[in-house]
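Novice: Sequence:
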Amino acid sequence: MDDVLSRILWAGLLIGAGVGFFLLVNRTILHRTAGLSRYLPGWQPGRPGILYFTTPDCAPCRTIQRPALQRVQAEWGDRLQVIEVDASRHADLAKRWGVLSVPTTFLLDTSGKPRFVNHGVTHAEHLMDQLRRLSGQAG
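Under the numbering used here, residues 1 to 139 are what the sequence shown spells out, in order.
In case anyone wonders, no lab produced these hints; they're calculated from the structure. We put the CB at the ideal spot given by N, CA and C, even for glycine. A hint or two may mislead.
Said to hold, decoys possible - For lysine to any residue, the following SDA-like pairs were computed, each having C-alpha atoms within a straight-line distance of at most 20 Å:
| no. | residue 1 | residue 2 |
| --- | --- | --- |
| 1 | K113 | Q44 |
| 2 | K113 | D129 |
| 3 | K95 | D129 |
Unchecked claim - Derived CB-CB ranges, DEER-like:
| no. | residue 1 | residue 2 | range |
| --- | --- | --- | --- |
| 4 | D3 | S101 | 19 to 29 Å |
| 5 | L100 | R62 | 15 to 25 Å |
| 6 | P60 | R96 | 37 to 47 Å |
Can you make the complete structure from the sequences, with help from the hints?
Specialist: Structural data, given as structure tokens:
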């Protein structure tokens, strides 16, 4: 019984360490990218935005992420700006933003400060929840 308990404890510690590392990486990326929105083509302060990194050969980007973003844009209308960046054509920009894989989305407040980062496919419901939380934060 002690052996089973020991394994469960170690598994819990490893999972906790992994989650902690993931949260630390996200926090570091958000801190490092704080002033970069002014370099984004098309960024307009005053409205929240979603910065979406993709590539032409990314199947999940085309089939899942882009439709999710279109759904969010349809619901939020002119209150939201979505900026799509081809990470293969703008590798320097993707590197500056800490993009390691696509799709990656950043949610920016009205001043352009990144508040949330999502690595991988993020469904419309989650993006809308983040936008609602973002609209409650000061810019």
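Novice: Output the indices of the hints that this structure fails to meet, ascending.
Specialist: 3, 4, 6
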